[in-house]
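S.K.: Okay, here's what each chain looks like letter by letter:
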Amino acid sequence: MTVTSLNIPQARANQVAREDLVMFINACFACTGQREFYSSGFDQRVSIDFLHHYILGNYRLLYARTLAAGVNHFGQAQILVNLLATGRDTPPEHRAEENALIGAALRALPPHRAWNVLESLRKRGVNNRRSRAVARDYLASRSDPSFHVVKYRRQFLASAIHAHLVLPGETGVFLFEDRSKRTFQTPLLETFRQAQYSAEAIYKLPYSIAEGLAARKGLKREVFLERIAPQMTSHEKLRLQRTSERAGLDAPMLDWERLPLTRLALFILSMPWAERRQKQEQLEEALRASARHTLRAAPMRLGRVAAVLDNSYSTSGSQEKRRRPLAVAIAAHSLLQEASGTYRSFWTSPMDSPVMAAPRGQTDLATPLLDALEWKPDLVVIVSDGFENDPPRGAAEALRVFRERLDPLGKTTIVHCNPVFHSDDFTLQELSPYVPTVGLRDAEDLPTMLGFARFASGAAPLSELETYLAARAAHFLGAAPLPEEAKESEEGE
Amino acid sequence: MTIHATPISHISLDGLEIAPSQVRGAMRLVPLLRRGAPGDLRLARRNYRDDLTIVATKGEMFGRDPHYVSSYAPHGMVIDWSEDGSPVVSNGAQIAKDGEQLRGCGMSLRVLSRMAKREAANRLRFLPLHLAMEGFLSLFFSGPEIAWQEFSRKFRNNGFESRWELAVSGRRIDGLEEALRVFEIHEDQVGMLVFVADEMASAFVVSHPDDYRALHETLLLDFYGELLYQYALLWNTAIPLDISVHDEKVTDLASLRAEITRVRDDWGKFHGFMASDLIGRTTISKPVYQAGPFALQRFITTLDPKIENHIGEAIVRDDGMLEYLKTFRLSGAQTRRAYLLSQLSAHEWQLDAAAEALQTTRHELVHRLERAGFGYILNPQVLAEAQTAMWKKRRVP
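From first to last, the protein sequence lines are chains A and B.
Following numbering that gives the first Met the number 0, the numbering of the first sequence begins with 0 at its first residue and continues without gaps.
Following numbering that gives the first Met the number 0, the numbering of the second sequence begins with 0 at its first residue and continues without gaps.
Because the hints were derived from the structure by calculation, they are not lab data.
All C-beta atoms in this analysis are idealised placements derived from N, C-alpha and C, irrespective of residue type, glycine included.
One or more hints might be untrue.
Using 35 Å as the maximum straight-line C-alpha spacing, the simulated DSBU-like pairs for lysine-lysine come out as follows [what the hints assert, rightly or not]: (1) B:Lys248 <-> A:Lys410; (2) A:Lys375 <-> B:Lys268; (3) A:Lys180 <-> A:Lys219; (4) A:Lys375 <-> B:Lys57.
Per the computed footprint, the stretches of chain A lying under chain B, defined by three or more beta-carbons under 8 Å from a beta-carbon of chain B, are [what the hints assert, rightly or not]: (5) 302-315; (6) 356-366; (7) 393-402.
Turn these sequences into a full structure, and let the hints steer you where they fit.
M.R.: Right, dumping it as structure tokens:
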């Protein structure tokens, strides 16, 4: 059943469609199916699953195009699996575009996510010509299959069997035959084989594989960490900073500026107070540099900007997303600071430096919001989970009265960015219907989300949203041209 | 030891600010704030992990005096104070021995001496809520001074048998744990009013914000009346309340700010009103310990079966400032029991006089006493007469 097939006025149908899509895209930006401060992981997954199936059933083309909207990896993976599982429902005229989007999105995903997508096809029993072609093309697009076969052995094996993959080089032998009985010509495969017997070979493997082998061999943690350091990715280095320090090693060298902004903020929040205080200037500079780096990739120029930032206790997130909402607020602060002509930040509980932020205290958004409005900015960005309690609905009332009585022409643009998906009502917790609410998982998405806010506010009609998504899809596909082998898959289902 | 404190006549929140509530499910948690706490009275928690706790109320641990027995005493409170108003450091929880711990048959038993016991020059240990509950249970415990023939011989000779009341741990209150987990503690918060389905459940106040932060989760370990256990199961939302800004008063940002401040204050006033059956209500209290300028007292609100009734304990500074408060809400049945006894006691245990005061008949009063679980204090003949009278009354069309 599609909404348009019901006998209701077209204008209303369009409005419903727009609201549905905005809700869905917002959810895909914020939700990762993990536990949040106010809701459990199970609630989150049930809620987001429902939303996916609802949008897939009603707006299939737009659902596929959401892959290009820049939603988070968890959302993209879910869209890919859902699309591949229901290939039969694709209208013939959209088949080519959908296939291209699937291929491009899968290639753009981080490898572990992509392999998880292929593995979950097996778990869900999805096996059609298109899904097999997608797996084959994905493997063909990898420049170094031996690395993938070593690092993602389990998923590689699962999808090789499931999709009847023709495996390149020695990977087939590596996967299916007794590895202890023979040697390999491919260096990495041979190293992996040797690492089963020799401690020396372990240090030539990627860190994540070596770690398990080292533990099995009983290698000393300090020795292992010191020698494996060159093999680590930057993310792994970041994750192991603390471990290395505890083991009494010099932490692996990190290039602060190259770190993604939100991840850097998360890392700063994981530091103890004393260390943050000691390195305060260095960390502030790193945040600014990382923000500048982000802005080079996605340029954004803003005028007089005020940020209202939530650092109440609820920004401590959950066990699974520790301090994420606070990290997003800090990262957004740095990004806006670098992108604006004039900038000021207003925190719910003020502190002397964003580096020293802590999730503490009640949520009083009304006071910083009024402070911000008094400063007369062009743009106010509110980063908050939308739950306020001192007083309840204080900022909501302030926004309503401000919009209705003090600024009816909307001279000040106000956008609410919410890093938390609220599973109870399938959407982000809104502060007020008078300002648009957009999802924000990484502060790096801020330029995209500020552009998207006009759809969330209801100012732009459905047709404009469709054009926006179509343009993003075209850009996405244009930016990553299809390789020859992917074309065949279009003839698939 | 002489206690020269004057008993408090009512619980007052003067000096504390009531902030807007935070709602989660059926739980409405109302923070109480105090700016500039002097820090000369500090509380700490001492954990007990025993299956059974016995308190010798008169101090002699294994003597013949009445003992208070509880299957649920997860922690004690330790206060440290200074006489001259200088801040003290709270370290009272660090003491090796408190009472006697006995082990055997896979369980542990702790025998404590006194509900409130001085441990060092300026340190006192007491059992929170149990102090109030023990006071409640021992109300009118000794029975009548004149041996009226209406009462059973055993009661005339010995007073009441063991009295007991049922309470539920906070963990059993559906949704309380979650509500306390997501509660955002204010910077200056020293207390909390707990409402379950918008019924006043408990009030908790300490002297210093740091102590509150440390003791926040003990709200979950406290015990609550069975009524609140049922309310938490019956309701899954609090009543939606909203206080909005008066549009017509807003002309610029300054007036908008004033309106938001007004909304915030209105929330506080409204919560004060919601708790008015405890706050400001006349209480009967009894000082338990005098610690420098601080008087530890236990109290019970004047019993009225038609409204909420609370028991609790409080520490009040000599200038009237509330420094510690913990209350327990009595259920309807608990109130009725205490109310009947209080009426009997007020009329010197004369059934006829008490019945008259209650605007009922002697037989009806006997019937009510029996239903409240006090049949055993009455002479069997009096009970039989009342039963016959009630039967006859029922048969008349």
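S.K.: Each hint should be assessed against the structure and marked as holding or not.
M.R.: Okay, the hints, checked on the actual structure:
no.	hint	result
1	B:Lys248 <-> A:Lys410	holds (22 Å)
2	A:Lys375 <-> B:Lys268	holds (33 Å)
3	A:Lys180 <-> A:Lys219	holds (29 Å)
4	A:Lys375 <-> B:Lys57	violated (69 Å)
5	302-315	holds (count 3)
6	356-366	holds (count 6)
7	393-402	holds (count 6)
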